[in-house]
Amino acid sequence: MLRCTLLPTALVGLAATLSAQDLLVRAKTVVIAPDAVLADGRFLVRAGKVAYVGQDVPADAAAKATAIDCGDALVVPGFVLPPTTLGRDRDLAEAALPFTPDLRAVEAFDPWHEELAKLPHGGFTSAILSPSPRNIAGGLGALVKPGAGGGSVAAPDLHLALSLNAAARNPERPPTSLMGAVDLLRSAFAQAKSSAAAGPDVAVLHSALQGNRKIAIAADTLSEIQQALDLARDFGFDAVIVGARDADKALDRLVAQRAAVVIGGLAPEMRLAQLQFPARLAEAGVPFCFTGRPDQARLSAALAVRHGLDRKSAWAALSRAPAQMFGVAGQVGALRQGCAADFAVWSGDPLDLGSALRAVYVDGARVHGELPSAAANPASSPAAGVR
Amino acid sequence: MIRSLPLGAIALALAALLPAQDGVTVYRNARILPGGAPAIDNGVLVVGGGKILAIGGADTKAPNGAAVVDCAGKTITPGLIDASFRAGNTPDMNENGDEVTPHLRVLDSLEPADPSFVRARSAGVTAVHVMPGARSVIGGLGVVLKTHAKDPQAMVVKHDASLRIVMGAEPSMGNRAIRGGSVDSIYYRRPTTRMGVVWAARKAFYDAKEALEKSADAPPATPSPGVEVLTRVLRGQVTAVTTARSEQDLRTALRLAAEFGYRTVLDDAQDAHMLVDELKAAQTTVMLGAPSATAIAGSAGADGADPRSVTARLLADAGVPFVITTGSNAASLDLVREAMFAARNGISSARALDAVTIEPARLLGIDQRTGSLQKGKDADFVVWSTDPLDPAAAAESVFVDGIAVQVLR
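Protein chains in written order, with our numbering: chain H, 1 to 387; chain Z, 1 to 409.
Read the hints as simulated data drawn from the structure, not as lab findings.
Owing to the predicted nature of the structure, the values given are computational and were not obtained by experimental measurement.
Take these hints with a grain of salt, some might be off.
Straight-line alpha carbon distances no greater than 30 Å define the calculated DSS-like cross-link-like pairs of lysine-lysine that follow [as the list claims (entries may be wrong)]:
#1 Z:K214 - H:K249
#2 H:K193 - H:K118
#3 Z:K214 - H:K193
#4 H:K49 - H:K64
#5 Z:K51 - H:K193
#6 H:K118 - H:K49
#7 H:K193 - Z:K377
#8 Z:K158 - H:K193
#9 H:K312 - H:K28
Here are the in silico distance ranges between beta carbons for each label pair [what the hints assert, rightly or not]:
#10 Z:P115 - H:R271: 52 to 60 Å
#11 H:D295 - Z:T294: 39 to 47 Å
#12 Z:E228 - H:R90: 49 to 57 Å
#13 Z:K375 - H:G285: 56 to 64 Å
#14 H:D248 - Z:G56: 23 to 31 Å
#15 H:D248 - Z:D277: 52 to 60 Å
#16 H:E283 - Z:G56: 46 to 54 Å
#17 H:Q191 - Z:R176: 53 to 61 Å
#18 H:H121 - Z:S185: 38 to 46 Å
Rough simulated footprint, nothing fancy, chain H against chain Z, three-plus residues with beta-carbon under 8 Å [as the list claims (entries may be wrong)]:
#19 87 to 101
#20 386 to 397
Beta carbons: idealized from backbone N, C-alpha and C, even for Gly.
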């Protein structure tokens, strides 16, 4: 017990020491963003953020910084996990009431939550903590991060989480049916459109309709997806459809309404059409990312590449796409100047399943793995590079 | 003749597989039962662009280059219309949060890929009227749909086609009376009785009538969406459809309509044979549900109706307008078999077929588009292997808007 309490304190101390000084991260390949890949790249981390990238790193700052030399490894932005309750459904589903848009997921955030601490094991450095889809209007999501000294909230009150899926239709409280659920949202949006001063719950919808936050709607069947898109069309917002099982049948509408989708993870035994769907989405220009367990996200992306998805889109699906969908692209999902220094060091392209995760950093502090040494790992294959 | 038969079969299959909307197709040598008009022997049906271009006898002109399908020995009818059709999964069709939800739209709960649409169209049904489930006193607004369309939105023929009201035991079934103890469920509430069901309906219409009267003197305040729908019913802008099975419930339905001055169609109406004169006096149309069924099934069984096979004939003889539907009875047969059953029990074949084609189209207000084979209407039709009221008849090819949705060999 004594050790348990001492250990986090020691780690907090370590993190503080690291962030106090600039870090210079060097690697044979640095992926700043899917379409910005640096060969023999480097970036400077100051106060937990990316301060300079590539040629912009000032020589004197580079000389003074602590160097992290990743050799011929690959440094990529940390992955961003799209809406999740991180297994804390009981804390994030106020299911007795169907309409609670003003509840905040951040109030149920536990910095010492085990699943949060495990995120870096899959290369993830942040997650969109979201109210459960068991409510028609569950509340507001938050961007959270794991950390050696406990997790942190990077952005509270992010997106508005709505749900039309089967989980939201509860026979023990109204609405019990899809038509009832649609009616509830439609009348709430109508009220929100006409006035901001109709109580704290409607005010949240009003603010979302003003464009202040993204609106994500959980919907699986074609009719649920259509209802979600109808709401988006009639009340003028760009929807993020979460779950989206039948999205292939509504592809034209998704494109026309500039919607984004969070689709289920892929597994090798799935039907070909499902495995090829990410490639179709990319071709149609619909932003997408994968739900599911964080340890399966990389497999999903790799399977999508195996079935025709280009690598840039696959990388984006793990990092930049979810960040953009939920309005946090300025903070996470890329290693551009000003973004958080959330990155992972891989022995090769993470989309090649033979590549190993070496280390993960959140806000410039190592949360997983070993400090990379300058010596190149003989196990890393030359074929596992970036195209 | 021997050679032309298989050729005809191939042509039929081929025409069905090709997108019929692109070209013009001529169906020749069929017996055509156009719906609401006399039969045409050796008839010709010309279809193109999803519409009927021409219909008539053997001398009907067809454009050059049109594909020709020999239908010798076959019978062509309009696509059937089921005016009271069960679709969707039950929980989503019934909003159990409240007994009175006039403004809810059943369309919002419907899945275009619902298997009931596939079953219906393979049995020759090309349009259906779907209402919310029967577990509410006033469940909401019904919709008329084609049973197939490329785009689900295109399935809709008519929005807000009806307001469903339900009499009898069914709407009160899940509810429990509060008898001490803690109230831990939304189902502890009224109505729990038949009279409670009527009370709920009466209160709703009373409120709507009051809103209507108030709006006559003063500029209308914004009424609740439910009241707004009910005022439209009171003004005669939305058709009320009251589901009632037993004699007592049918009488209650007529009484309630008379009390508030709206017209109602009676749905299911198994006991209609007991009050033919009253139905005639009230000028009510009956949607006769599953005339073949000998009992009412499922949760409606408690309604205690006494179905008779002669009901259709009694209504026809008395001049009460009626259509035949599959209704809410899970024991119902395919719609064409229900028409066959009614014909076997004393109405003419033509009348039986009209009761599942042009009559429901008129009742639902969609007869400008479908329900009979007339120039300019949608190409919704069925090629039957023989007379459709023959027990052995099969719907060999079914077309919705000129698109083949069923092809048998």
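Taking the hints in turn, this is what the structure says about them:
| no. | hint | verdict |
| --- | --- | --- |
| 1 | Z:K214 - H:K249 | 47 Å, violated |
| 2 | H:K193 - H:K118 | 41 Å, violated |
| 3 | Z:K214 - H:K193 | 27 Å, holds |
| 4 | H:K49 - H:K64 | 17 Å, holds |
| 5 | Z:K51 - H:K193 | 42 Å, violated |
| 6 | H:K118 - H:K49 | 22 Å, holds |
| 7 | H:K193 - Z:K377 | 41 Å, violated |
| 8 | Z:K158 - H:K193 | 28 Å, holds |
| 9 | H:K312 - H:K28 | 18 Å, holds |
| 10 | Z:P115 - H:R271: 52 to 60 Å | 19 Å, violated |
| 11 | H:D295 - Z:T294: 39 to 47 Å | 59 Å, violated |
| 12 | Z:E228 - H:R90: 49 to 57 Å | 40 Å, violated |
| 13 | Z:K375 - H:G285: 56 to 64 Å | 44 Å, violated |
| 14 | H:D248 - Z:G56: 23 to 31 Å | 44 Å, violated |
| 15 | H:D248 - Z:D277: 52 to 60 Å | 57 Å, holds |
| 16 | H:E283 - Z:G56: 46 to 54 Å | 49 Å, holds |
| 17 | H:Q191 - Z:R176: 53 to 61 Å | 33 Å, violated |
| 18 | H:H121 - Z:S185: 38 to 46 Å | 43 Å, holds |
| 19 | 87 to 101 | holds (count 9) |
| 20 | 386 to 397 | violated (count 0) |
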